[in-house]
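Student: Protein chains in written order, with the working numbering: chain A, 1 to 338; chain B, 1 to 338; chain C, 1 to 338; chain D, 1 to 338.
Heads up, a few of these hints could be off.
Because identical chains share one entry, a pair is satisfied inside a single copy or across any pair of copies.
Stated by the list, open to error - The calculated SDA-like cross-link candidates involving lysine to any residue, where the alpha carbons are at most 20 Å apart (straight line), are:
id, residue 1, residue 2
1, LYS225, GLU247
2, LYS131, ALA304
3, LYS332, GLU207
4, LYS332, PHE208
5, LYS131, ASN48
6, LYS131, GLN114
7, LYS131, ASP277
8, LYS294, PRO24
9, LYS225, LEU283
10, LYS211, THR37
Because the hints were derived from the structure by calculation, they are not lab data.
For clarity, every value in this text was computed on a predicted model and none was experimentally measured.
4 protein chains.
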Amino acid sequence: MIQLAVIGAGYWGPNLIRNFNQIPNARVGYVCDLDTTKLAPLAAQYPNLHVTRDYQQVLDDPQIDAIVIATPVSTHRALALDALRAGKHVLVEKPLAATVQAAREMDATARAMQRVLMVGHTFIYNPAVTKVKEYIERGALGEIYYIDSARVNLGLHQFDINVIWDLAPHDISIILYWLSRRPLRVSARGNSYTQDGIEDVAFITLEFADKIMAHIHVSWMSPAKLRRTTIVGSQQMVVYDDLEAAEKVKLYDMGVERLALNADTRAELQRTYRVGDVISPRLDVVEPLRVECKHFIDCIVNGATPRTDGDAGIAVVQVLEAATRSLHQGGKTIEIGA
Amino acid sequence: MIQLAVIGAGYWGPNLIRNFNQIPNARVGYVCDLDTTKLAPLAAQYPNLHVTRDYQQVLDDPQIDAIVIATPVSTHRALALDALRAGKHVLVEKPLAATVQAAREMDATARAMQRVLMVGHTFIYNPAVTKVKEYIERGALGEIYYIDSARVNLGLHQFDINVIWDLAPHDISIILYWLSRRPLRVSARGNSYTQDGIEDVAFITLEFADKIMAHIHVSWMSPAKLRRTTIVGSQQMVVYDDLEAAEKVKLYDMGVERLALNADTRAELQRTYRVGDVISPRLDVVEPLRVECKHFIDCIVNGATPRTDGDAGIAVVQVLEAATRSLHQGGKTIEIGA
Amino acid sequence: MIQLAVIGAGYWGPNLIRNFNQIPNARVGYVCDLDTTKLAPLAAQYPNLHVTRDYQQVLDDPQIDAIVIATPVSTHRALALDALRAGKHVLVEKPLAATVQAAREMDATARAMQRVLMVGHTFIYNPAVTKVKEYIERGALGEIYYIDSARVNLGLHQFDINVIWDLAPHDISIILYWLSRRPLRVSARGNSYTQDGIEDVAFITLEFADKIMAHIHVSWMSPAKLRRTTIVGSQQMVVYDDLEAAEKVKLYDMGVERLALNADTRAELQRTYRVGDVISPRLDVVEPLRVECKHFIDCIVNGATPRTDGDAGIAVVQVLEAATRSLHQGGKTIEIGA
Amino acid sequence: MIQLAVIGAGYWGPNLIRNFNQIPNARVGYVCDLDTTKLAPLAAQYPNLHVTRDYQQVLDDPQIDAIVIATPVSTHRALALDALRAGKHVLVEKPLAATVQAAREMDATARAMQRVLMVGHTFIYNPAVTKVKEYIERGALGEIYYIDSARVNLGLHQFDINVIWDLAPHDISIILYWLSRRPLRVSARGNSYTQDGIEDVAFITLEFADKIMAHIHVSWMSPAKLRRTTIVGSQQMVVYDDLEAAEKVKLYDMGVERLALNADTRAELQRTYRVGDVISPRLDVVEPLRVECKHFIDCIVNGATPRTDGDAGIAVVQVLEAATRSLHQGGKTIEIGA
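Let's have the full structure, built from the sequences with the hints guiding it.
Tutor: Written out as structure tokens, the structure is:
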């Protein structure tokens with residue numbers, strides 16, 4: 001039985017407690033938050049759950065194997081380092097940290113302490129996302145050309161981080177997972193319309209080797225919600241629309257088949273478009289957060305490396321940091337270092 | 001009765017002939033193309049239409065008042081200049097010219113010759129686009145924040161121009177018309193995947209004064225067709241989806257109403273989102289090309305300035321030229337001169 | 001403080017407990033079910049909730065003001081009569097009873113005992129449904145012509161009742177509420193494909209005075225879920241699509257405006273269609289079950305008659321009974337008595 | 001070369017002329033209409049086309065092989081009989097005739113004269129409809145359970161026929177073609193709201209052997225256009241939505257897999273739903289009317305029986321006649337004779 005403590009009782013905390021408690025060999029023993037009004041209902045709902053404002057008490061409890069950090073990103077580094085140094089395994093909500101340096105320090109500490117460090121990029125445990133990964137891995141799309149993603153809606157502005165840090169971690173983590181690569185260059189443009197210094201609209205471009213591109217549009221200021229990603233390959237194409245109730249993934253058997261060059265006259269150049277069937281695959285009906293929680297427990301038990309480990313978390317923060325830097329420099333291209 | 005000659009019998013030529021011939025005080029007297037196989041069916045369909053390969057014959061005919069140029073963009077300048085110098089009024093298919101310099105030369109010649117020069121930005125005559133313009137003009141959207149537009153589908157690659165020159169003239173002309181402004185800066189990123197040197201995917205950013213932004217995504221390589229533009233204002237927002245059969249324009253009574261700052265604690269900051277009715281206005285059922293053709297005839301008859309005059313045409317070419325330059329310089333920001 | 005007991009811990013029971021417990025002047029004191037495996041998790045979740053298999057114990061407790069019956073329909077009559085005779089107010093899940101006779105007996109008993117009897121037609125507390133009612137009441141639709149409703153999906157077959165008794169109570173209760181009338185005649189056709197004697201597909205017609213018609217299609221065997229109702233009036237029309245995330249109700253300013261009769265030639269008869277704006281009104285964001293629960297408490301406290309009282313419940317059962325009888329007689333028209 | 005005469009220059013006439021003239025071995029020699037204002041534009045457009053008000057002139061011309069009748073249904077019988085007796089092949093617009101008796105007389109005359117009689121059920125030549133037929137023929141759907149079809153919109157009221165005769169021929173012809181069967185019984189309910197005696201809304205039920213059902217809803221009075229047909233089979237299901245631009249046909253790998261009966265307790269009965277992939281097949285891009293016209297020419301040339309022959313036309317009229325009779329008798333079930 002793995003005993004956990006959840007730090008942060010805001011939006012994600014209660015969901016994490018519910019999901020971990022439904023895994024047979026896991027149990028949440030503590031929830032910790034500075035705001036006691038958030039702790040009271042959890043205490044009422046889970047009679048065996050300890051609620052506390054004192055993080056050190058949690059760290060000192062030898063029964064606790066793992067710490068789940070669901071607090072604002074600015075606090076991730078300190079909380080995670082303390083937990084790792086106390087010998088606990090750590091699951092951190094996305095993004096891993098507020099800076100690449102912090103993320104690297106957390107990863108290095110986890111390695112030094114031989115503890116599991118996992119970041120909660122939930123979409124990597126979403127059946128729609130893993131189905132697309134499966135298509136890419138078995139070559140169904142051919143060579144990947146570009147990915148275009150939009151994640152926009154009205155509302156839920158944050159006050160401490162801009163829209164890139166709030167929404168783009170989803171798209172970035174998905175794209176890096178699908179491509180199994182890191183971008184060479186990042187650029188971004190955007191603006192803050194309702195709050196000084198906190199951008200609420202942004203357009204981000206990622207450039208990879210082999211001419212692969214990815215573009216991400218995030219906004220807190222759009223009237224109609226969109227959660228839509230297109231992946232264009234040389235053989236087939238995919239649209240993943242997370243708002244579709246029944247057909248979230250569509251695989252299009254489409255492509256530009258042949259480019260017949262006519263030596264004599266440019267006017268007779270011919271392309272042939274291939275337009276075939278569209279398949280919307282059956283997807284497992286599971287709560288991605290449940291899969292994520294179970295994966296964390298499995299990694300602890302089996303000593304395995306999480307699918308969203310420290311490295312994956314660092315890579316996402318690298319892009320977030322570069323995108324924000326580019327945005328503040330008028331869209332300048334930022335090279336991603338090694 | 002205004003007598004016209006249509007130059008170019010490709011895709012647009014026959015549509016232009018059909019529309020002009022249905023206007024009471026207009027008549028197409030000539031159609032001219034180098035490819036006689038395109039002329040034959042038009043000759044069969046319109047017994048009174050002269051078909052010819054000889055442009056000079058058309059220019060020499062004093063009965064012809066106006067020339068309609070529906071040929072590849074690289075030929076626009078020469079054909080238009082000859083027509084204007086021959087004293088003809090000229091309607092040129094979009095974009096006006098292949099370079100800003102050529103566009104300016106055409107505009108200057110039209111002014112010198114006191115002839116109408118109009119560019120065929122058809123969407124400016126589309127009831128959906130003019131309805132949105134109406135909303136903006138009467139302040140229904142409040143202050144405009146940003147515009148996001150996507151025009152993507154599979155196919156119809158061009159061989160002489162990239163996807164920016166092929167598809168973006170629509171979005172650029174619409175955006176400049178709505179905003180009644182010209183951008184200060186343009187940047188673009190994109191790639192060519194199926195033909196060397198001809199980009200088939202691009203993302204373009206336009207920056208205006210007052211922090212107004214516009215973003216345009218164009219692609220010939222996308223599995224699911226999109227023709228969707230979002231306009232976000234401080235008071236209301238609009239989505240214009242040209243693929244909707246019945247509700248192309250939707251006006252959302254939405255906004256971020258109030259930002260209550262609490263001096264003491266960041267945690268109690270509050271935004272209030274206003275979410276009201278959605279209205280999809282009745283739109284006139286007209287063929288935009290018909291409205292455009294009629295407007296050209298009216299401008300000739302009344303000596304009026306077209307809504308899409310040489311200036312409007314130059315402005316679009318400026319953005320196209322800047323976008324392509326930016327794209328070839330890795331997304332560098334290009335300042336638009338006076 | 002109104003103390004309640006919930007009978008039945010299946011699908012609806014836990015939702016009812018959660019909602020009643022969130023109303024300030026209500027508290028669920030008991031949950032009662034024969035299946036103790038369903039009681040255990042509720043006991044764990046609500047420390048102050050008594051769980052029991054013994055209905056009599058609940059009836060005998062003088063602290064309990066009201067009984068909420070969420071059991072299979074065949075048990076409604078006996079459970080409700082016992083509760084009313086014990087002096088309790090009663091809320092019964094839809095449909096009110098398995099026969100009109102039982103429903104009438106329950107209503108008469110409630111009147112005799114001067115207790116509130118309410119039936120859980122939840123959709124009558126749904127903001128989309130009440131918005132349409134508001135349109136009808138203020139004459140926005142003009143004279144109502146007909147209503148067409150579809151409620152189909154794959155799955156959730158019942159074993160004791162057919163698809164009419166399972167799904168059509170929603171549509172029937174909505175339609176009778178909107179029209180403030182009862183049908184004169186009912187007919188239905190359908191078939192059982194996967195289980196003998198339990199129809200899984202049906203088409204029901206309701207005929208009202210003044211030529212008003214309603215048609216309801218219900219199915220457990222349809223690949224794509226539909227929850228869509230059209231209301232056609234002489235002045236305006238409405239589509240209510242419960243699956244739409246954002247625009248559930250649309251009011252169409254449409255109609256057949258004028259019928260110009262030409263005495264001379266039938267060929268020149270002319271109709272004029274009026275096609276105006278479409279409005280999708282803002283709807284309150286509330287859980288309809290919460291509104292329903294609160295309404296029940298208010299009726300108990302204030303001695304008011306519920307919007308979905310015994311009479312409304314009887315009317316729905318009349319239609320269900322007539323529809324099933326018609327279906328079993330090959331679609332014969334069944335007259336609804338006084 | 002097959003020479004044709006088109007009778008009726010209303011909506012369908014010009015489309016038929018255009019399509020026949022694009023078939024290499026066909027040519028339209030005459031168009032005949034009593035209204036000369038409809039003839040004039042056709043004369044202008046087709047210099048070699050004879051226009052006339054005199055049907056006898058057409059019948060007397062020995063060059064004319066076939067007559068295409070695109071006039072109101074009440075005139076079909078007389079025009080077709082004259083043509084067949086003059087030795088011409090005949091294509092009649094749907095429905096074949098205004099009564100079953102007339103349709104049978106036409107069919108018998110065609111057989112006696114050994115001439116092709118074909119009815120213009122265009123949807124039978126639509127690639128979406130033939131794709132579904134292909135699925136049914138190869139058993140992909142298993143046993144067919146029921147079909148549900150809606151064809152509604154605002155407008156285009158007819159003055160001489162009701163909405164059943166106007167819109168339902170499409171659905172009836174499609175359903176009979178898919179099932180390769182004729183219904184045993186037909187019933188219908190509907191009402192006339194805007195014109196006395198001409199129903200503008202109707203609901204039709206067809207009952208076939210083996211418990212197969214079909215339901216058709218047609219209306220001229222509905223705010224949102226629908227052209228949607230669901231086919232439910234024991235193995236798979238199909239939705240055919242003619243308004244979808246790109247994915248008109250969807251094949252759902254869905255069904256009720258197994259019904260596990262538990263002898264002891266009804267409460268533990270279990271159904272297993274199978275929910276698999278959804279496939280939207282590539283469809284040929286052709287104009288169905290072109291395919292229909294070509295098929296007529298081929299049948300004349302090869303002496304073949306049309307896919308939509310007199311028999312098919314009679315079967316549709318039988319259902320139309322029965323449906324109208326049922327509607328006028330309050331929904332009474334009408335048996336279809338041999």
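Student: It remains to establish, for every hint, whether it holds in the given structure.
Tutor: Do the hints match the structure? See the list:
For a Cα distance limit of 20 Å, the shortest separation of LYS225 from GLU247 qualifies both inside one copy, at 17 Å, and across copies, at 12 Å. Proximity of LYS131 to ALA304 under the C-alpha cut-off of 20 Å is found in neither arrangement, the shortest distances being 22 Å within a copy and 50 Å between copies. Proximity of LYS332 and GLU207 under a CA criterion of 20 Å is satisfied in both settings, with 13 Å inside one chain copy and 14 Å between copies. Within a single copy, LYS332 and PHE208 get their C-alpha atoms as close as 16 Å, and across copies as close as 18 Å, so both meet the 20 Å cut-off.
Taking the shortest alpha-carbon separations for LYS131 and ASN48, neither the intra-copy value of 38 Å nor the inter-copy value of 45 Å comes in at or below 20 Å. Taking the shortest Cα distances, LYS131 and GLN114 never come within 20 Å of each other, neither inside one copy (32 Å) nor across copies (59 Å). Taking the closest pair of Cα atoms, LYS131 and ASP277 come within 20 Å of each other both inside a single copy (18 Å) and across two copies (12 Å). In this homomeric assembly, LYS294 and PRO24 come within 20 Å of each other (Cα to Cα) only inside a single copy, at 9 Å, whereas the closest approach across copies is 37 Å.
For a Cα distance limit of 20 Å, the shortest separation of LYS225 from LEU283 across copies, 17 Å, qualifies, whereas the shortest one inside one copy, 22 Å, does not. For the homomeric pair LYS211 and THR37, neither the shortest alpha-carbon distance inside one copy (52 Å) nor that between copies (41 Å) is at most 20 Å.
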